[in-house]
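If you read the sequences in order, they're chains A and B.
Per my numbering, numbering of the first sequence is gapless, rising by one per residue and ending at 127.
Per my numbering, numbering of the second sequence is gapless, rising by one per residue and ending at 428.
Misleading hints may appear alongside valid ones.
[What the hints assert, rightly or not] Anything over 10 Å on all C-beta distances counts as not near chain A; from chain B, calculated:
{"no.": "1", "residue": "6"}
{"no.": "2", "residue": "11"}
{"no.": "3", "residue": "34"}
{"no.": "4", "residue": "119"}
{"no.": "5", "residue": "128"}
{"no.": "6", "residue": "144"}
{"no.": "7", "residue": "162"}
{"no.": "8", "residue": "190"}
{"no.": "9", "residue": "237"}
{"no.": "10", "residue": "240"}
{"no.": "11", "residue": "276"}
{"no.": "12", "residue": "328"}
[Claimed, not checked] Computed footprint of chain A on chain B; a stretch qualifies when at least three of its residues, placed anywhere within it, have a C-beta under 8 Å from a C-beta of chain A:
{"no.": "13", "region": "54-68"}
{"no.": "14", "region": "80-93"}
{"no.": "15", "region": "318-326"}
[What the hints assert, rightly or not] Calculated Cβ distances over 10 Å to all of chain B for the following chain A residues:
{"no.": "16", "residue": "10"}
{"no.": "17", "residue": "20"}
{"no.": "18", "residue": "29"}
{"no.": "19", "residue": "41"}
{"no.": "20", "residue": "52"}
{"no.": "21", "residue": "53"}
{"no.": "22", "residue": "62"}
{"no.": "23", "residue": "82"}
{"no.": "24", "residue": "98"}
{"no.": "25", "residue": "105"}
{"no.": "26", "residue": "109"}
{"no.": "27", "residue": "114"}
{"no.": "28", "residue": "115"}
{"no.": "29", "residue": "116"}
No lab work stands behind these hints, which were simulated from the structure alone.
Cβ coordinates follow ideal geometry from the N, Cα and C atoms, glycine included.
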Amino acid sequence: MTLIRVGICALVAFAVVAHGAVEPWSESVLEIGAATLFAWWGVLFACGIAPAVRRNLLFVPLGGFWAWATVQYLACLTTSPFLTRVEWLKCSALVILFFLAVQAFATVEHWRGFIWFLLALGKAGRG
Amino acid sequence: MGHPKTNLLIRLLACVVVFSISGVMAWAAVRHGVAAYWAQSGQPERWAQAAAWEPDNPEHWYRLGRFYQVDFEHADLSRAISNYQRATAIAPDTAEYWLDLAEAKETALQMAEAEQAFRKAQQMYPLSADVAWRFGNFLLRQSRRDEAFREIHEALSVRPGLTALAISRCWQGSQDIEQILKLALPPEPDTYWGAIDFLVDAHEPDAAMVVWKRLMEANPSFPVQSTFKLQDMLIETGHPDAAKTVWQQAFSAAGVSRGEQRDGSLVWNGGFEQELLNGGMGWRFRPVAGAELNFDPHVAHWGRAIRAVFDGTSNVDFQQPWQYVVVEPNTRYRLSAYFRTEDLSTSSGIRLEAEETHFGDPLQGTPGLTGTHPWAPGVVEFTTGADTRLIRVVLRRRPSQKLDNKISGTIWMDDVSLVPVAESAALR
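Bound conformation, chain A alone (with noise of 0.2 Å):
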C-alpha cells in the first residue's frame, strides 16, 4: 500500500507540476498513472495484502456518476461519442484515485503523511 500512497502523492505533484493537467498529454499521464495504481491495487487485493475494500459513502454517488457515464457512452446516448469517452477517461482517474485514497489512506498517519506532503507541495509551489 505504501507505492500507492506515493503513486497518490506522486500524481497530485504531477497535476500540479503540469499546470493542472489540462492539455491532452498530461490528461493521459494522469489516467495511464491512475490506471496502473488501480491495476497494482488489484494485484495487492488479490494477494490478500489488502484484505478488504474500506468503504465510503462518497462511493455510491461517484460510482452512480461513472457507471451513468460509462452507459452512456457504451450505448451511445450521446452526441459526441469522442468527447463523451474523453470526459469518461477523466471521471474515471478521478473516481480511482479516490478509491484508492480511501483503501491507501486507512490510518491517523497515513493522513498526517498526506498533509504534511501538501504543505510542503504548496510551499514548494509558492517558491
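Assemble chain B onto chain A, guided by the hints.
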C-alpha cells in the same frame, strides 16, 4: 488492517474486473495522448496518423479536410470532401463541418450537394451569423438574390459588424438599393450608416441619398460631423442640392439649432458666432505655415469676428476660411463682409472671393486690402453662370510675385453675407 480477508474467489474476480478497467483506461489514454501529440505537430502526415489512430475524433478529419482544401501545394478537393464527410458523419451536429463541406462541394461545382450541406448547417445552428452569412454569399454567387439578401439580413441581425462587407457584396450582386434595403439590411441606424459609408467610398450619390432618406425616416440622433464625408462626396459628384438637404437635416438630427442667417444670407454662420465645423456646408479651414486663424472675442464688428494673423515668414497662398454655398444659375448675387486690417504688409491684397470650384477662376471678389483700416464693408456683386449650382466663398490672399512678398499683419472679418440682389433690395 484489522479486517477479515475477503473470499479468494471474490478477490480473484475483483482483480479481473480491476485489470479490465485499468487496461481499457490505459489503452484509451495512450491512444488519446499519442493522437493529440501527433495532431499538434506541424506535419500533415502526422495528422493523418492521428486520424487513423483515433478515428472517432472528428476534429482530425476536419483538419485534414481543411488542409487538402486550402493548402496551395497539396490541394486535393476530392480528398478534402471525403475528409469533411467523415467529420460530418462522426459529428453531424457541428455546423462548422457542414459549412466547410458545403464550400468544398461548391468549389467542386456540386451545387445541389453544396446547398444541401449549407441547409444542414443552418438546421444545426439556426442562429449562427456565420452560417447565414456564408449561405447568403453562396446564394449570391448563384444569382439567387432575394434568398441571398434574406440570409444576409439574418447574419447582420446577429452581427452588425458585417454591414460594410454585406453592402459591398450585395451591391456587387445587384445595384438595386431599394431591394437591398428592403431585404438585406436590418432597419437599424448603424446598418444604414455602414451602407452610407460604403456608398460614399464607391461614389454612388443616388444610392447614398436613398439610404440617407431611409435613415432620416427613423429619426436618429447623430452629430452633424458624421455627415461630412457624405456631403463631400455629393459635392464632388455634382449634387449640391442633395448636399444641402443632408446639411439641413443633419442639424435637426443632431438636435441643435442651425441658426437663422441675417438678411436671408445664404452663408452659414456668417457672423462667426458659432464654432467653425470644418466640413459640410459650414466654414472650413486648413492650418497653413505663416498664418494663424482664430476667433477674436474683443475686436468684432458684431458679436465675434474671425482673425487671421500673418507672421511675416512666408509668401503664403492663404485661402481660409471657406464655405460652399448652393446658388441658383443665372442669378445676380451680392457678396459682402466687414473687414478690419492692421499693418497688413503685402502687395497682394486679401479679399473675399466667390469661386465656382476649388481651382476655377474667381467669379468676383471684394476689393483687396492692405495696410491698416478700421471696420468697413467690402461689397461685390456678380452673376452666376448658366451651369453654376455651387460656389465657394473664401477669404483669399494669392501669393505675391514681387521680391518683398512675405506677408505680415492681421485681418479681421465679420458678418459675411451672400444674398440674391433682388431679395436684398426688397429687404432694404
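10 Å Cβ clearance of residue 128 (chain B) from chain A: holds (17 Å)
Any Cβ of chain B at or closer than 10 Å to residue 41 (chain A), or is the non-interface label fine? The assertion about residue 41 (chain A) is violated, with a minimum of 7 Å to chain B.
Nearest-CB test (10 Å) between chain A and residue 6 (chain B): Check fails; 5 Å does not lie beyond 10 Å.
Residue 11 (chain B): least C-beta distance to chain A exceeds 10 Å? violated (5 Å)
Holds or violated: the region 318-326 of chain B covered by chain A, criterion of 3 or more residues with Cβ-Cβ distance under 8 Å? violated (count 0)
Measuring Cβ to Cβ, find out whether residue 114 (chain A) lies farther than 10 Å from everything in chain B. Check passes; 18 Å lies beyond 10 Å.
For residue 115 (chain A), is the shortest CB-to-CB distance to chain B above 10 Å, so the non-interface label stands? holds (21 Å)
When you look at the beta carbon of residue 109 (chain A), is every beta carbon of chain B farther off than 10 Å? holds (14 Å)
Taking the minimum C-beta separation from residue 29 (chain A) to chain B, is that value above 10 Å? violated (7 Å)
Should the label of residue 105 (chain A) as a non-interface residue stand, given a Cβ cut-off of 10 Å to chain B? holds (12 Å)
Are all beta-carbon distances from residue 190 (chain B) to chain A longer than 10 Å? The claim holds: residue 190 (chain B) sits with its nearest Cβ about 36 Å from chain A, beyond 10 Å.
For residue 144 (chain B), is the shortest CB-to-CB distance to chain A above 10 Å, so the non-interface label stands? holds (32 Å)
In summary, the structure is inconsistent with hints 1, 2, 3, 15, 18, 19, 20, 21 and 23 from the numbered list given earlier, while agreeing with the others.
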